[in-house]
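Just need the whole structure built from these sequences, with the hints factored in.
Protein chains in written order, with the numbering used here: chain A, 28 to 533; chain B, 657 to 835.
Calculated directly from the structure, the hints in this document are not laboratory data.
Each residue gets a CB set at the ideal place from its N, CA and C atoms; glycine is no exception.
Check before you lean on any hint, since a few could be wrong.
[Claimed, not checked] Which stretches of chain B does chain A cover? Using the computed rule of at least three CB atoms under 8 Å from a CB of chain A, they are:
no.	stretch
1	673 to 680
2	719 to 727
3	802 to 808
[Claimed, not checked] Here's a subset of chain A near chain B, in silico, CB distances under 8 Å, partners left out:
no.	residue
4	G135
5	A204
6	G225
7	M420
8	N421
9	K460
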Amino acid sequence: MNRREFLKVSAIFPLLLTRADQIIRGLDRVGSIQEYPNVVILIFDALSAKHMSLYNYPRNTTPNIDRFAENAIVYHNHYASGNFTTSSTASLFSGTYPWFHRALHLQGNILKNHVEKNIFNLIPEDVQTTVYTHNQLAFTLLSQLSAFIDHLKPPRDLALYDPQYSDRIFPSDYYVASVSEKAIMLGEDKLNPTSLLGALDYIFRLYINKKKIITDIGSTFPRGIPQFGNMLYILEDFTDWVMDEIIELPYPYLMYLHALPPHGPYKTRRDFKGIFEDDYEHVAKPEHFFSQGHGNVYLNQMRREYDEFLAYADTEFGRLYDHLEKNGVFENSYVIITSDHGEMFERGIRGHMSETLYESLIRVPLIVSKPGQNKRIDVHTPTSNIDLLPTLMNIYHQPVPEWCEGAVLPEFNSEPEREDREVYSVEAKSNPKNGKLRKATIALVRAGYKLIRYSGYEDFEEQFEFYNLEEDPEELDDIYSTTDIIAQELKHIMETKLSQVDDGFD
Amino acid sequence: MRDTSRFTKISKRAYALAFSTCAVLVNSWALFNLAVTIPSWILQLTVWEILGGISYVLTFALIESLVIFTIILLINFLLPKKYFSDKFFLNSTLLALILLVVAILLQNYFEEIITWNPGVILRVSLFAVLIIVIIFVLVNRVKKLNARVYAFVDRALVLGTIYIFIDILGLINVITRNL
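As structure tokens, then:
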């Protein structure tokens with residue numbers, strides 16, 4: 028090599044140094060793409076399948092998810108294992124029902140002896156995990172699993188304002204610190220906080236920050252800034268971050284993303300306010316014994332606001348979808364869209380803080396796009412969010428653990444579809460964490476029928492409802508009878524199961 | 657010879673009494689609300705976790721007692737001695753009590769208060785200050801009321817000492833949990 032050639036070659040070095048990280052990432056991607064695919068799991072909180080145009084809802088709420096579904100597997104009878112974030116998300120992570128992991132309460136967490144039983148621990152070590160949730164309840168669970176996650180991003184990172192302090196000051200004792208923070212600064216339900224001056228400071232800071240944010244972007248959100256508890260956020264920040272992150276991550280990766288919309292309060296963006304001011308009125312249903320006392324006019328108004336908030340979430344998904352498509356993410360990744368639970372506007376009940384387990388609360392979307400998939404497949408077999416863990420194990424060629432209660436999703440294995448599969452959903456917020464499931468609502472779906480058992484509540488010891496979902500998808504006609512053979516068969520299956528899962532609890 | 661210091665020399669015992677009064681008031685409020693909260697914790701937390709939760713509440717109460725005590729010392733320093741230092745016991749107890757009542761009222765009615773226009777807020781604030789001044793004057797002048805406050809402070813000492821002791825245990829537990 029002569030002097031001239033040496034100078035030419037050395038001129039490249041500074042360029043190599045400045046681009047070193049990108050080059051290494053690129054090599055990572057090329058080197059491991061063959062062994063494991065990328066997986067993106069996107070959760071929309073409180074998204075009921077019954078409100079999606081994809082699942083024949085009369086309003087066009089989800090045109091972009093419909094677009095995504097054109098090249099994906101659409102599961103039509105997918106159930107959440109609970110009716111609120113904590114229990115259902117813990118099921119998704121662990122592949123087990125709430126009676127096993129026992130994250131039964133709002134700020135609950137997984138039993139200590141089951142903490143290691145989770146998706147993030149079971150996937151191959153080569154797969155980089157990046158996790159974000161807006162939802163502080165889900166973050167509480169994820170903090171418990173943080174030892175198995177490569178990058179856990181706290182909710183505040185994509186929030187406009189988050190007054191919580193326990194994640195910053197007490198990260199190593201986050202669970203207990205966050206539970207007590209609520210009592211100290213906010214108080215439980217309608218109780219006063221235990222702190223006097225600290226709580227005042229908290230209220231005042233929240234007011235100042237909220238006022239500033241409203242001044243800045245209030246006109247874009249005429250119903251108020253989207254919030255969860257006292258955390259304020261906009262979905263655009265979430266979408267922007269995901270779009271940047273997804274093209275930066277080294278292969279192979281697992282991204283678990285949990286966005287809050289359409290979770291209440293339903294504060295949609297200006298361009299979606301009023302888009303569903305139409306004549307649509309949902310079928311009126313009889314008031315339930317757990318009714319919150321809301322009338323149909325109010326419920327229909329809330330349903331409309333929810334749908335408009337959902338349309339906003341769908342539009343943001345559309346922006347993400349276009350970005351993923353443009354960057355070829357669908358060619359080498361599984362992309363999964365689902366939800367942790369639904370939302371209801373019927374029988375005098377609004378939202379999901381309810382003891383009931385009707386379809387609008389527990390039937391959630393599941394849409395999975397396989398790498399390079401270019402046609403739509405529809406699956407009608409009942410599935411549950413506990414099936415995600417075994418399906419991921421299948422994708423990563425790992426054995427499904429013995430304790431897992433889920434099954435590999437149809438279209439991911441060669442086994443025939445089981446129409447008579449039993450799928451459960453459990454609501455036990457008032458039951459002690461370590462006690463037998465005495466005060467609980469449990470739903471069992473099997474072969475087009477659904478049995479719901481309410482037990483241990485104040486006004487009655489035990490009550491059943493029974494629906495034929497194929498003939499009566501709105502659950503209007505309770506056909507439970509002690510002489511109905513199918514109802515009694517389902518009751519027997521449920522009781523046998525409960526006696527098994529209660530074994531070992533007091 | 658004329659006393660030229662801005663305020664009367666206050667004994668260590670007087671400081672201790674004032675601090676224990678702050679601790680009694682703050683801790684009583686904290687423990688009352690905690691007692692109502694604990695049943696929901698029993699459903700979902702282990703005994704060790706409940707003790708941890710209580711420790712955070714107690715630690716916060718200790719910090720708050722110190723903050724209120726500091727405010728009292730500051731006011732004692734700023735006001736002429738004839739208005740405050742001469743009756744340190746009495747006035748510090750009254751001040752702590754008034755601070756806590758104002759905090760409770762603001763906590764409960766903050767969202768309503770911020771909807772008032774500034775003129776109303778100013779008038780209500782002036783009215784509140786007037787009431788506070790009247791209370792101070794009354795308690796300082798009326799011997800019966802005066803005696804009641806002294807009796808309360810006397811009794812508060814034992815309770816205050818117990819509260820401060822358990823607050824410190826809570827603080828130690830919080831530190832241990834976060835090591």
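Note to self: Quick check on the hint: A/N421 CB to chain B CB, less than 8 Å?
What the structure shows: Violated, about 33 Å.
Item checked: Status of the hint placing A/A204 at chain B (closest C-beta pair under 8 Å) -> Given a least distance of 6 Å, the restraint on A/A204 holds.
Notebook entry, point to check: Given A/G135 as an interface hint, is the shortest Cβ-Cβ distance to chain B below 8 Å?
Noted result: holds, 5 Å
Check: Counting residues of the stretch 673 to 680 of chain B with a beta carbon closer than 8 Å to any beta carbon of chain A, are there 3 or more?
Finding: Per the Cβ count (0), the hint is violated.
Notebook entry, point to check: Holds or violated: the stretch 802 to 808 of chain B covered by chain A, criterion of 3 or more residues with Cβ-Cβ distance under 8 Å?
Noted result: violated (count 0)
Margin query: Quick check on the hint: A/M420 CB to chain B CB, less than 8 Å?
Written below: Violated: closest Cβ of chain B sits about 30 Å from A/M420, beyond 8 Å.
Margin query: Under 8 Å is the threshold here; is the Cβ of A/K460 close enough to any Cβ of chain B for the hint to stand?
Written below: holds, 5 Å
Checklist line | Interface restraint verdict for A/G225 against chain B (beta-carbon cut-off 8 Å) | finding: OK, holds: A/G225 within 8 Å of chain B, min 6 Å.
Notebook entry, point to check: Are 3 or more residues of the stretch 719 to 727 of chain B near chain A, judged by a Cβ distance of less than 8 Å?
Noted result: Coverage by chain A holds for the stretch 719 to 727 of chain B (4 residues, Cβ < 8 Å).
Of the numbered hints stated above, those contradicted by the structure are hints 1, 3, 7 and 8, listed in ascending order.
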